[in-house]
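Trainee: Here are the chains, one letter per residue:
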Amino acid sequence: MGDPTGYRRQKDIGRIIRIIRHSCLVFIFLLGVALIVLSRVQPELVSGVRGWAASAAAPLLRAAELPVRAAERTIYSIGRYFYVHSRNKKLRRENEELEVWRRTAERLALENRRLRGLVNATDRRAELVATARVIGSGGGPFVRAVLVDAGSEQGVTDKMAVVDQNGIVGRIVDTGPTASRLLLVTDFASRIPVRTASRDINAILAGQNDRRPRLMFLPINEIVRPGERLLTSGQGGVFPPDYPVGQVVKVEGRIIEVELYANLDRLDFISILNLPDDQNGAPTGLSNVRSERSPEPVSPDAENGPNGTP
Amino acid sequence: MIAQFPSPKVQTARVTDAPLASAGPSILILRFAECLPFLLFLLLLVVSRVDWSIRAVVTAPPLIGVMFVYYWTIQRPQLTRPVFAFIIGMVIDFTCGNPIGMSALSLFVLSIGLANQRRLFLSGTFFLEWLILPIVLCVVGLFHWLVWSLVLAHLVSPAMILMQLVVTVFVYPAVAFLFSFCSRYIRYLEEERSLAGGG
Chain A
1 MGDPTGYRRQ
11 KDIGRIIRII
21 RHSCLVFIFL
31 LGVALIVLSR
41 VQPELVSGVR
51 GWAASAAAPL
61 LRAAELPVRA
71 AERTIYSIGR
81 YFYVHSRNKK
91 LRRENEELEV
101 WRRTAERLAL
111 ENRRLRGLVN
121 ATDRRAELVA
131 TARVIGSGGG
141 PFVRAVLVDA
151 GSEQGVTDKM
161 AVVDQNGIVG
171 RIVDTGPTAS
181 RLLLVTDFAS
191 RIPVRTASRD
201 INAILAGQND
211 RRPRLMFLPI
221 NEIVRPGERL
231 LTSGQGGVFP
241 PDYPVGQVVK
251 VEGRIIEVEL
261 YANLDRLDFI
271 SILNLPDDQN
281 GAPTGLSNVR
291 SERSPEPVSP
301 DAENGPNGTP
Chain B
311 MIAQFPSPKV
321 QTARVTDAPL
331 ASAGPSILIL
341 RFAECLPFLL
351 FLLLLVVSRV
361 DWSIRAVVTA
371 PPLIGVMFVY
381 YWTIQRPQLT
391 RPVFAFIIGM
401 VIDFTCGNPI
411 GMSALSLFVL
421 SIGLANQRRL
431 FLSGTFFLEW
441 LILPIVLCVV
451 GLFHWLVWSL
461 VLAHLVSPAM
471 ILMQLVVTVF
481 VYPAVAFLFS
491 FCSRYIRYLE
501 EERSLAGGG
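Top line first, the protein sequences correspond to chains A and B.
Counting along the first sequence from 1, when you hit position 26 you're at 26 in my numbering, and nothing is skipped either side.
For my numbering, count along the second sequence from 1 and bump the result up by 310.
There may be inaccurate statements among the hints.
[Unchecked claim] Here's a subset of chain B near chain A, in silico, CB distances under 8 Å, partners left out:
#1 V360
#2 P371
#3 Q388
#4 V393
#5 F396
#6 T405
#7 C406
#8 M412
#9 I422
#10 R429
#11 S433
#12 G434
#13 L443
#14 P444
#15 M470
[Unchecked claim] Beta-carbon label-pair distances, calculated as ranges:
#16 A/A63 x B/S336: 27 to 33 Å
#17 A/A70 x B/W440: 31 to 37 Å
#18 A/V249 x B/N426: 40 to 46 Å
#19 A/H85 x B/R494: 53 to 59 Å
#20 A/D268 x B/S336: 32 to 38 Å
Honestly, the hints are just simulated from the structure, not real lab data.
Note that the structure is a prediction, hence the values are computed from the model and not measured.
Note that beta-carbon positions come from the ideal geometry of N, C-alpha and C, so glycine has one too.
Generate coordinates for the entire structure from the input sequences, incorporating the hints supplied.
Mentor: In structure tokens:
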């Protein structure tokens, strides 16, 4: 009982500190709740920060994946060694078949270009913005996304379409300076306008967070069957038209499942495309990429005018 | 397989017998050692984000943040204050594409809850710690499921979250071993420093 005033003051200070501490904890709790609500109501507000986080993680992911990729390559090489002869024979046969198809494709491409020139059709081909590599997983149990090593410094912006050598893969959702997040076609939030290749039936391809997205919003009385091939319709202005998407594999009542052409489990290099606003722009990078895959014998500029007119 | 460092008793003899013995590890080394758990957490987070061929790791990556907060709140609560747990959760949310605030809030509440129940764990063994982890994970998983359902505006299937919880339970002993290595190193430095009269 030496100094009751000092003791009481110390007690008061302790009580104030405790109240401040508890208030801080309550504030942080409410901040967390507010952030969750914000990410539901205004998801685009946090998109930029996600892009920056992807860019910050990109160098680390690149370094971390080196031993993983090396191990995968070794295992893959060992596995392939045992099938090298049978595989070689199969590839030779496929190559001969593809050679026939290549000549057909060249002839059709030339014919198509001449016909388009005759009717002065607009060209809706997309520009190749960047070729990037998948460097890491950007999702979790309810997000199907990957990180790619191209960002705003390479000209990438949100909502750009992404394809690989087999078909469409998804679209860019969060862009950082050197890396971006790519939302895959299989994600629950993914909706892509498509059409059937044989009968031009328009529908929407909706991701279900599993391997096979579903076909929805088909016109009434239209029926699709297993085996039907799907292409992008070009509606919506994100995906260029006529890109291969996948094939209908299962139809059960209203549930129509689609097997994608792109192998999303083993993505490596991808192409990020931009669909120009004016739609009349001459094809640039993508035409070069395509010409590497299926060489076109005649340059459009050599035969047609600036807009494809003869 | 627990990492062993030299016993502090050996150090005592050396320090008292030798008149020119060093004054123990500097405070900078100690502070750096205290950062090791966080650096290890970042490393584990990066490794969990690598695009593995094993589908379970990609689609249901283990909850690194929960493991971090769970271990360190029990072992050294001064290293994982609730505010720090919140920041770690924000890092996870931004890098993993979660709804912002989901991991932050769950780790924040988890660190407060565990700090209050710490005595229960300290008196038990690692097996008890591992046994209680699924219960903690179920609570966290339920919260994540509710938030995902809110954000996606429909009741999502809990199967993926359950898979994530199972992966986390099986990965935890390995992660705890790495964390225990850090913990023992920090304790060793602290004891060395206190014996040398540096703190």
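Trainee: Would you mind marking each hint as holding or not holding in the structure?
Mentor: Hints, one by one, checked against the model:
1. V360: 5 Å, holds
2. P371: 6 Å, holds
3. Q388: Given a least distance of 15 Å, the restraint on B/Q388 is violated.
4. V393: 6 Å, holds
5. F396: 6 Å, holds
6. T405: This interface hint holds because 5 Å falls under the 8 Å limit.
7. C406: 5 Å, holds
8. M412: 6 Å, holds
9. I422: Check passed: Cβ of B/I422 comes within 7 Å of chain A, closer than 8 Å.
10. R429: Result: violated, 21 Å to nearest chain A Cβ.
11. S433: Hint violated; B/S433 Cβ to chain A Cβ min 26 Å, cut 8 Å.
12. G434: 27 Å, violated
13. L443: Hint violated; B/L443 Cβ to chain A Cβ min 18 Å, cut 8 Å.
14. P444: 17 Å, violated
15. M470: 3 Å, holds
16. A/A63 x B/S336: 27 to 33 Å: At 30 Å between Cβs, range holds.
17. A/A70 x B/W440: 31 to 37 Å: 33 Å, holds
18. A/V249 x B/N426: 40 to 46 Å: Since the Cβ atoms of A/V249 and B/N426 sit about 53 Å apart, the hinted range of 40 to 46 Å is violated.
19. A/H85 x B/R494: 53 to 59 Å: 55 Å, holds
20. A/D268 x B/S336: 32 to 38 Å: 47 Å, violated
Hints 3, 10, 11, 12, 13, 14, 18 and 20, counting from the list given before, are not met by this structure.
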